[in-house]
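Undergrad: Chains A and B, in that order, give the protein sequences. Under the numbering used here, the first sequence has 174 at position 137, and the numbering climbs by one with no breaks. Under the numbering used here, the second sequence has 128 at position 91, and the numbering climbs by one with no breaks.
The hints are simulated quantities; they were obtained by calculation from the structure and are not laboratory data. Treat the hints with care, as some may be off.
In the DSS-like style, the derived pairs of lysine-lysine whose C-alpha atoms are separated by at most 25 Å in a straight line are [as the list claims (entries may be wrong)]: (1) A:K154 x B:K149; (2) B:K304 x A:K128; (3) A:K100 x A:K293; (4) B:K89 x A:K345; (5) A:K268 x B:K293; (6) A:K57 x B:K165; (7) B:K386 x A:K374; (8) A:K89 x B:K304; (9) B:K100 x A:K57; (10) B:K268 x A:K89; (11) A:K78 x B:K304; (12) A:K89 x B:K56; (13) A:K128 x B:K318; (14) B:K350 x A:K89; (15) B:K89 x A:K350; (16) B:K154 x A:K89; (17) B:K78 x A:K57; (18) A:K154 x B:K268; (19) A:K89 x B:K293.
Partial list, computed: chain A residues near chain B (C-beta under 8 Å) [to be verified]: (20) D77; (21) T88; (22) K89; (23) G103; (24) D107; (25) N117; (26) Y124; (27) I253; (28) H272; (29) E274; (30) P275; (31) S280; (32) Y302; (33) N338; (34) A380; (35) I382.
The structure presented is a predicted model; accordingly, all values stated were derived computationally and were not measured. Just so you know, even glycine gets a beta-carbon here, dropped at the ideal spot from N, CA and C.
There are 2 protein chains.
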Amino acid sequence: MIKLGHGADVASMMLKYGKKEDYILDFSSNINPYIPENIDKYILEGLNLSTKYPDVEYLNLRKNIGNYLDLDYEYIIPGNGASEIIYLLMKVLDGQLGIVNPTFSEYERAAKSNNIKIIDLYFDKNFKLDLDNIRNNLDKFKALFICNPNNPSGNVESLIEILEILKKKDKFLIVDETFMEFVYESEKYTLVNLIKEYDNLFIIKAITKFFGLPGIRLGYGITSNKNIISKMWEHKEPWTVNSFAENICSYIFKDKKYIEKTKNYFKEEINFMIKDLNEIKNIEVFESSTNFILLKLNKYNSSYIKEKLFVEKNILIRDASNFKGLDTNYIRVAVKKREENEALINALKEILGV
Amino acid sequence: MIKLGHGADVASMMLKYGKKEDYILDFSSNINPYIPENIDKYILEGLNLSTKYPDVEYLNLRKNIGNYLDLDYEYIIPGNGASEIIYLLMKVLDGQLGIVNPTFSEYERAAKSNNIKIIDLYFDKNFKLDLDNIRNNLDKFKALFICNPNNPSGNVESLIEILEILKKKDKFLIVDETFMEFVYESEKYTLVNLIKEYDNLFIIKAITKFFGLPGIRLGYGITSNKNIISKMWEHKEPWTVNSFAENICSYIFKDKKYIEKTKNYFKEEINFMIKDLNEIKNIEVFESSTNFILLKLNKYNSSYIKEKLFVEKNILIRDASNFKGLDTNYIRVAVKKREENEALINALKEILGV
Chain A
38 MIKLGHGADV ASMMLKYGKK EDYILDFSSN INPYIPENID KYILEGLNLS TKYPDVEYLN
98 LRKNIGNYLD LDYEYIIPGN GASEIIYLLM KVLDGQLGIV NPTFSEYERA AKSNNIKIID
158 LYFDKNFKLD LDNIRNNLDK FKALFICNPN NPSGNVESLI EILEILKKKD KFLIVDETFM
218 EFVYESEKYT LVNLIKEYDN LFIIKAITKF FGLPGIRLGY GITSNKNIIS KMWEHKEPWT
278 VNSFAENICS YIFKDKKYIE KTKNYFKEEI NFMIKDLNEI KNIEVFESST NFILLKLNKY
338 NSSYIKEKLF VEKNILIRDA SNFKGLDTNY IRVAVKKREE NEALINALKE ILGV
Chain B
38 MIKLGHGADV ASMMLKYGKK EDYILDFSSN INPYIPENID KYILEGLNLS TKYPDVEYLN
98 LRKNIGNYLD LDYEYIIPGN GASEIIYLLM KVLDGQLGIV NPTFSEYERA AKSNNIKIID
158 LYFDKNFKLD LDNIRNNLDK FKALFICNPN NPSGNVESLI EILEILKKKD KFLIVDETFM
218 EFVYESEKYT LVNLIKEYDN LFIIKAITKF FGLPGIRLGY GITSNKNIIS KMWEHKEPWT
278 VNSFAENICS YIFKDKKYIE KTKNYFKEEI NFMIKDLNEI KNIEVFESST NFILLKLNKY
338 NSSYIKEKLF VEKNILIRDA SNFKGLDTNY IRVAVKKREE NEALINALKE ILGV
């Protein structure tokens, strides 16, 4: 009934194989397994707020996000997850859209839902930005969509050069930085500090993944382009951010200890996982700077491994074959808690050999 | 920046007059002031859920709603408040849309946002459905939007006759029943039990108002029209309902005691308010079957009274002048807790005379 290209199929997999969520290790969603301290307190506080309609302009919320990013709150538009921001942006964008693949499928779905024509571009074989490929196709699009760090490759890089190129050609750059906070030295890669300077830039972020609360639904868009952001406000449905999401933002962004601890954790844990995964036969491991890892299978195909892990090991991974530019050789796994990661690695060792 | 026609202006009014929310009595939003028992427990339980993505098909949630309404879950599509359902429906509707005014302004805003042409129709002067007016305009629209009980009039009536007329002409009826649960004998007026029989019917509901939690954001659409509902699922953004909303629906619909108590409360309280309001000079009170009352001012205009109540009495009411078909003589007030209602009545008595 619902045609979605991504891996959000925990429920359907459980249904298919008669399994219960309690004992499934879900490596298919890229979520921080550790949530901020005292979050239960902030959530209960949000209950009081929820007996009233949220402020339709979300002034407080935008100020909290603005303080976190050191940006004026007027540059910020909040949404029900990054999804709402993506769809709303597609609603006000005109001209054709370049998308650099492989990447999150909702960009294309949102564009198509708003009758925007897509130009598919591709990263190079190491999942780095292919500037020549983009330059050669510059005439074909008005805006370019890049996910950085990229989902599913885990690669992060500086996009300043492409931002500059697009600026000169009067074209727009949209960067999904949803996974940027997981990157250890993210200040080297984020474009947030260039928002004021470049009005051809739109950045999408979310609290979903880094703060470990995808079910609370909060994303936001950032741009100094007044034309784009005011059009988005015009089309925005009212009250899309709930009171619980609104309320925790008074606290979580200020929790520097948690933020630093999380960054440190993922830096170490991804090194541990990549080292151990590299010992396994029949797979190729791609370097990652964020909280998930792309793997290439050299012997089995993705659906076989996915089913085997689920049925025999109660582990759910992301079959990455439906990302444009990938094929049935690719799977993606999240970085979770140490003992869970070990369970995954052991299961893969058993199935693929060491 | 945001052009919204409704009264959600608590934040801007407070900002304008330098007041704080703590002591403002908000009669502009029509929300049940009593929330279900144990809701804090259900909310905290939802925190666990929120560390995962919600089921993108919301199977459990739809089954809970289905059980509540005694309907198959496949007829139900959940959304981020009634708003998402309204916008999504406008996205898949074709042909022109008749709207019966005065009514909630988001129907028109959603239609315009999706380039649907509007035909404005009107209730009669007692805010009853004007069947002749609708019959005379049947050729001009493909679907008709009615809010029942109507916001802002508070009038409720049976829509079976118009449903039948539209069915014969192969036209669609959309009914916003957001306020239906407040009606004492709502079974006489709701069309929910005709959903199976009439595939030209779409009903919009929400937990927002009756269960007193607008900030939790949950509405839903109901139809047996497979074409409409499958198109809506196709266009639906993923995960728009948060885990907290999802989780409380396992409980609140089963709380028959709370539901009955609420219905009884509003039946008594609206009688009390209407009786007392009728003692006040210079206003005309319209009968209401739900949790708000429309008033016509015979001496002052709506913006004067709104400002006076806010500045002098810390009471916020809804200036109803921007509803199509109304004018600067109309205001709307919610039914709240007894002592709050008394404060409003006393303030109005003081300003308008007895």
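Undergrad: Okay, which hints does this one fail, numbers in order?
TA: Of the numbered hints given earlier, those the structure breaks are 2, 5, 6, 7, 10, 11, 13, 16, 23, 24, 32, 33, 34 and 35, listed in rising order.
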